[in-house]
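K.L.:
The residues making up each chain are set out below.
Protein chains: 2
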Amino acid sequence: MASSFESDITGRTEVPDVVVSRLPQYVRTLSQMLAEGVQIANSQQLGEKLQITPAQIRKDLSYFGRFGKQGRGYRVDHLLEELKQILGLTVTWNVAVVGVGRLGRAILNYPGFTPDGFQLVAALDDNPGVVGQEVGGLMVRPVSHLAEVIDSYQVSIAIVAVPIAYTQAVVDRLVDCGIRAILNYAPIMPQVPEGVSVRSIDPLLSLQSMTYYLVNGLSPEKEL
Amino acid sequence: MASSFESDITGRTEVPDVVVSRLPQYVRTLSQMLAEGVQIANSQQLGEKLQITPAQIRKDLSYFGRFGKQGRGYRVDHLLEELKQILGLTVTWNVAVVGVGRLGRAILNYPGFTPDGFQLVAALDDNPGVVGQEVGGLMVRPVSHLAEVIDSYQVSIAIVAVPIAYTQAVVDRLVDCGIRAILNYAPIMPQVPEGVSVRSIDPLLSLQSMTYYLVNGLSPEKEL
Chain A
0 MASSFESDIT
10 GRTEVPDVVV
20 SRLPQYVRTL
30 SQMLAEGVQI
40 ANSQQLGEKL
50 QITPAQIRKD
60 LSYFGRFGKQ
70 GRGYRVDHLL
80 EELKQILGLT
90 VTWNVAVVGV
100 GRLGRAILNY
110 PGFTPDGFQL
120 VAALDDNPGV
130 VGQEVGGLMV
140 RPVSHLAEVI
150 DSYQVSIAIV
160 AVPIAYTQAV
170 VDRLVDCGIR
180 AILNYAPIMP
190 QVPEGVSVRS
200 IDPLLSLQSM
210 TYYLVNGLSP
220 EKEL
Chain B
0 MASSFESDIT
10 GRTEVPDVVV
20 SRLPQYVRTL
30 SQMLAEGVQI
40 ANSQQLGEKL
50 QITPAQIRKD
60 LSYFGRFGKQ
70 GRGYRVDHLL
80 EELKQILGLT
90 VTWNVAVVGV
100 GRLGRAILNY
110 PGFTPDGFQL
120 VAALDDNPGV
130 VGQEVGGLMV
140 RPVSHLAEVI
150 DSYQVSIAIV
160 AVPIAYTQAV
170 VDRLVDCGIR
180 AILNYAPIMP
190 QVPEGVSVRS
200 IDPLLSLQSM
210 TYYLVNGLSP
220 EKEL
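Chains A and B, in that order, give the protein sequences. The first sequence begins at 0 in numbering that gives the first Met the number 0 and counts up one residue at a time. The second sequence begins at 0 in numbering that gives the first Met the number 0 and counts up one residue at a time.
It is worth saying that the hints were derived from the structure and are not from the lab. Wrong hints could be hidden among the right ones.
[Stated by the list, open to error] Covered, in the sense of this in silico footprint (three residues per stretch, anywhere, with C-beta under 8 angstroms from a C-beta of chain A), are these stretches of chain B:
| hint | region |
| --- | --- |
| 1 | 17-25 |
| 2 | 155-167 |
| 3 | 191-204 |
| 4 | 207-217 |
[As the list claims (entries may be wrong)] Computed beta-carbon distance windows for the label pairs:
| hint | chain 1 | residue 1 | chain 2 | residue 2 | range |
| --- | --- | --- | --- | --- | --- |
| 5 | B | Ser151 | A | Leu33 | 41 to 47 angstroms |
| 6 | A | Thr91 | B | Glu80 | 44 to 50 angstroms |
| 7 | B | Pro192 | A | Ile163 | 34 to 40 angstroms |
| 8 | A | Pro162 | B | Gly36 | 20 to 26 angstroms |
| 9 | A | Thr113 | B | Gly128 | 25 to 31 angstroms |
| 10 | B | Gln43 | A | Val17 | 20 to 26 angstroms |
| 11 | B | Val90 | A | Gln190 | 29 to 35 angstroms |
For every residue, glycine included, the Cβ atom is placed at its ideal position computed from N, Cα and C.
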């Protein structure tokens, strides 16, 4: 929970994280609509594409002010631009990948981050057999150089793809080096201090919630 | 949204998907507590480990009946067993991986699925250079054998790690073959009919919601 002090500074009602987490999906859908030449979209049309109820869409957007006129829908280009501003997606973010095993290699070779403004600028690992190799166009540096790499490449975000036994220690070091946004691939929830965001990519948790629907013969609600 | 007909059959109040999605995290935490010899836990203690409010934990569990006695906490072994039953985690699920590129290989070599009851039993790809190779102990089969593979290996769940351009077509074929739970790694939301669950693993969406906190100088609420 952000402190009320911070909410006071921004002058904004605190936005639930579940809403913040949905916004990138809005951005993706609006970008597609714009590319298809759609100029105006109402919450019904957005809801169909996003598989979210129109009421939920109106509520989510209401946290950030009034984007549409009653009964007239949203201007797609305007809403897209505003949401990108709100999410900080109008700038490029430099990202370091810590851990260059099979998963780290797949991440470093994935071409999907750059077009959306996330530039992988550094790769680090502690395995002497990996340090010095070129992976995804980057030379792997030893983790002992972390502070220097973060500083010289102006890294704001770290992707952590190290084994579970090392994850918390790596996260602690990243936090010590000033990193405030961490994408974690290990099946644990690293502990971080106030002011640092962690998201975990955990396919096992996704599988384990789908089996609920298999054994109960149900479908999930159509929501993100 | 599951139809009311289905809810009537199970006799259970429909559980929000956000609650279902949290339960695997409960299972993981309770397993750790059990391994550490903890016998009783109250919602406060669970909340600290899970970074969820105690009130939210009590509300989540209330969908499935009364697990704890007022003021006495939950029996860890009992709650764990019940949640595993509810989620369908007391049986082994056979899983097929479609797409054996860099990401598919990382998935097929990941040792973390099996101990939790998800057995990777088949790998499929359409690239003739990959079909016939052994990856993660499985011989890669052509996608044209999909129906036969699903049938003979009793596959219930599919992991789809194919390029975005092929994702919807692969998902459609899986649904035609009777698959009702799909874990998708492409950055799109595949469309599926009622009765089929899809979860997407999408690191870009996670990154794009963390930048909100970076530009606004906030932290996410401490919730899953």
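K.L.:
Does the structure break any of the earlier hints, and which numbers would those be?
P.N.:
No hint contradicted; all consistent.
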